[in-house]
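Undergrad: Residue numbers (this note's numbering), protein chains in the order written: chain A, 1 to 330; chain B, 1 to 314.
Hints are not guaranteed to be accurate.
Said to hold, decoys possible - Label-pair ranges, simulated between beta-carbon atoms: (1) A:25 / B:122: 25 to 33 Å; (2) B:113 / A:16: 30 to 38 Å; (3) B:268 / A:16: 25 to 33 Å; (4) A:152 / B:110: 36 to 44 Å.
Bear in mind the hints are in silico, worked out from the structure with no lab data behind them.
For every residue, glycine included, the Cβ atom is placed at its ideal position computed from N, Cα and C.
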Amino acid sequence: MSTQVAQSGAQALARREGSPWTGLWAVVYKELADHLTGIRMQILETLMLLTAVGTVYAATQSIRQTIGEDPFLFLRLFTTAREPLPSFVGFLGFLIPLTAIALGFDAINGEYSRRTLSRVLSQPIYRDALILGKFLAGLATLAITLVALWVVVTGMGLFVLGLPPGGEEVARGLLFLVATLAYAGIWMGLSMLFSAVFRQPATSAMTAIAVWLLFAVFWDMLAALISQALRPTQYGGVAEELAQARLQLLLARFSPNTLYAETVIALLNPAVRSLGPVLITQLEGAVLGTPLPLGQSLLIVWPQFTALVAVVILLFAATYVLFQRQEVRA
Amino acid sequence: MSVAVETVGLTKRYGDLVAVQDLNLRLNTGEVFGMLGPNGSGKTTTILMLLGLTEPTAGTARVLGWDPTRQPLQVKRRVGYLPDSVGFYDELTAWENLRYTAALNGLSSAEANRRIGEVLERMGLQDVAHRKVGTFSRGMKQRLGLADVLLKQPQVAILDEPTLGLDPEAALEFLALIRSLKRDGLTVLLASHLLHQVQSVCDRVGLFHRGRMVLEGTVDELRERVLGGAYRIHVQARGAEVERILREVPGVVRVTRTDGDTYRVEARVDCRAEIARRVVASGDLLALSVDRPGLDEVYARYFQQVEAQSGGAA
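So here's chain B without its partners, still in its complex pose (with noise of 0.2 Å):
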């Protein structure tokens, strides 16, 4: 699998303030990435690196076999960016907007016609093409933000922050537009602090707090380090040894006793079946269900577990 994106030792400092500390990201070809963290975490500062808008403190950053620094143009050309909140020039329709991008690029202008139109038509815009931005909802602003960026046909997606102030109805909209960049075979770059909102269209995720990237890997593998468990199986079940039964079973990683005859079972994989099975056997059981916690829930408990080592340690 060739490697899209790759940064070695990647660090930013403004004075003291260390923005992004010693990053090594490697995204291969045709994959969604998820950069999630709260704001500040150094995700916007990575991509302004990845695109030569800003330059590294130390370490190397290759995109597409480029070196944003020195070959930012080279980059750029095949680098799409929707930024955090993106603008457009409200005076203008968005068909024009749209003609000046194309124009930056260097298209022809019947290429350009061809491209714009497509691009419109695949966000849903084409009827509104020749309104003023100014009067564009915000989550119209986002579609045509998108069509921006696929206007000159890149190989690699940068978004930021994609779904943030989109009502959830438009949210979902926009994720599934994401997961079709997937299937023409883009690369796909995804900064959000809205960890559960995107979680479900990364293949795989990096969790950044203060500049690092503390956890790295696909949901599942994440969710089983941190959590210890991939899926959590409430149980009500009456009898006199359910605790102990429970933990008996193949992959179950831990057995809490939340209240009465409730228990919350961590586990590996789904073995609601062989629980049924065994309580059943010697007990009644009243309910059975499974969730799957989200990342929220990782981010929060691996920092609970990292204070609860260092406050240890003091």
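Next up, chain A with everything else stripped away, as it sits in the complex (with noise of 0.2 Å):
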């Protein structure tokens, strides 16, 4: 009897055979092809570069009217907003989600739907290689796109300011690339774990632009209004009137959008010194407006960035899960 049990535990124990990521290039490249051929992502990345020399023109523009001395001219260009246009970054807000989860929302019902799922996996693959291989190209068609903007962006900022970035600059331009990555993979990771848990492509698709509102819009006034029930100002001191900012800030950081604005801010505006309330006695010997070296604004930032990038690696981890429990058959 003893023996039974321990042969059948030891069974249970034995592994399956081979490396899980057996084929993990070949279906990178088989996704990243179809995302960069496919006609979905070319409209987006159309929009996308229309918007950035747009706003980038015109806030060549602006720059060139107004600004006498700034040791930061170069970034300038990316948090520059011009009436009727909003900046570069602004506009970055709103279409890296949408472009992050026109990339994921079909990732795994898609193939479901297409009575693909079945003959890809009775090649020698694991369902690990799949899942990976798609998250991979996902990240690597939004690194492409982001990188190619960048690239405009400096490239016109050459041409029209004339001005050469510093070093700094451009280190804090690719700064901000890495943490708009990471936004954007918070996105991608979302629709595509919706893809796992819904059998429908449009169901995936609308659940997750339902997320991506109700952060990018209603998620501050829930914020303000929750923090003014649970912390009123009732007598209108200041330990009062810190609590509630406090509250309110807290429950904004629950959504990426207000991590990823605030990352942002740092890195683009080294004169950025906090980004929660300060009082007035903390600033006591601070030269105001003075720029921040990057290592003190990354300081500033990092719990920031280290949220994003977790965020986006339990998305994964819950698709996977998923995933890796659902039968092959629809």
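Bring the two chains, given one by one in their own frames, into a single complex with the hints.
TA: Okay, structure coming up:
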């Protein structure tokens, strides 16, 4: 009896053989080719390119007219808004989630509805390779798009302003790129998760867009409402107002949009010294408006940046587990 | 004769639902085996377990000596699978779809191109190789599916409902292609509910019912076991004791008088000549014909018998 139990225990422990990543690159190349040649991505990429050119051109016009001396003039290209256009960063905040959702919403249920899943999984690969391959291909597509945009913006800056970016400006620009990639990864991870949960690609796309709307439009209102209800200012003291502001900020930071916005502000504007409420006594001895070194700016956004990456990993892990447990047959 | 696929007590349960119950299956190398039975009788679940795409609840399976649960990559390198109503990426061409399969199998680019050309030509798809699969008819997709299976040069081909949804002509063509696989020395496992269509290509068949394989053998064996005779001879004759004469012919199992002067004779062998001689000797023979009952009838009759027995027991 005991040997039987031991035997079955040993059997359960026996691992499946072969690397789970067999065939990973075949999946990555195929998905990447699909994304880059698909009409869906071409439309969104054209849209992003047009907004980049438009907003940066408007920014250069206003920079030429106003600025006298600014050590980080190049970074202004990303953040300067000129009526009626928002800044490049502002536009990106809208377009990136849409693009990322478009990349992932039919990743898994699309394979079911096209009836290709059992044929692909009967090839000598594990499911691990299929899901990771799709995720990496999506991230690579986003990275290619973002790098292309960044090069367009920098090139336009060189061309129109006639001024080369400094080393720190390039470094800040690249870090901004990495943060944007993480932010895009969140929306792609979310839409891929929904593509594993829902059977219909239309359902997963709508749900992902609904979540995005919630965070883009309603979350800040909700955060304000809840913090006013929980920490009312009855006597109007500083302590009360500080408590309310802190709670509101805490709630707002549950939204990836807030985390991304804070990261971008601190990276692209070296003068930003704090992302929370600051008391006047804390500013004693500070020279206002002087830029922080890159290391210090990075230190300010490190928690936000870590959170963005962590959410990407969590969403991918959830999708992975869900997909592994699904039946191959629809 | 070596064994290509073997299962011992293979069982799959989904909660209370038993999809496959205690299956003992054995496929010899180079034979065409038909898993036949209605929808939901456990055929596809069995196939998924053989490919390691679903884990069995109990029992073991061996495919070409490998364990599909623990060594699925080894199994899937050597086994080609054509799923039930196979799908392709519609926005890619036939060639591109096969290139993906080749890449997943780790073929080099030159080797892939050579093999893709070969299998497309064999399936008669060379002219549409660079057309998008979205424009393909059902029959073309099915042939592309078989090309996809042959691309990895498998030792075993598993085909799930290969003729479903094809028009009669395309179905016959497809069955001819399956026969050509056997000539190449492949072991073929066929699952279908269209019994009459696939019985002609199968060396042996197993009849499935509610997750169990209830009958197994060659088509002739099953006919004899269930219907009592592999041949059914229709006799129209006039004479005094035709029924008795027919019963005495060697090889005859059963004689029933259908109406007037026609009789149905079930026999183990084709004994028309002997019947003719004996009937003519004592009366008038008006007509004589033979047919071989199909598996549909075997299946239907088997369950009539099972129900009659269980009814009698109750």
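Undergrad: Now look at each hint and say whether the structure bears it out.
TA: Checked hints:
1. A:25 / B:122: 25 to 33 Å: 29 Å, holds
2. B:113 / A:16: 30 to 38 Å: 32 Å, holds
3. B:268 / A:16: 25 to 33 Å: Violated - the Cβ-Cβ distance for residue 268 of chain B and residue 16 of chain A, about 50 Å, lies outside 25 to 33 Å.
4. A:152 / B:110: 36 to 44 Å: 39 Å, holds
Of the hints listed earlier, the one the structure fails to meet is number 3.
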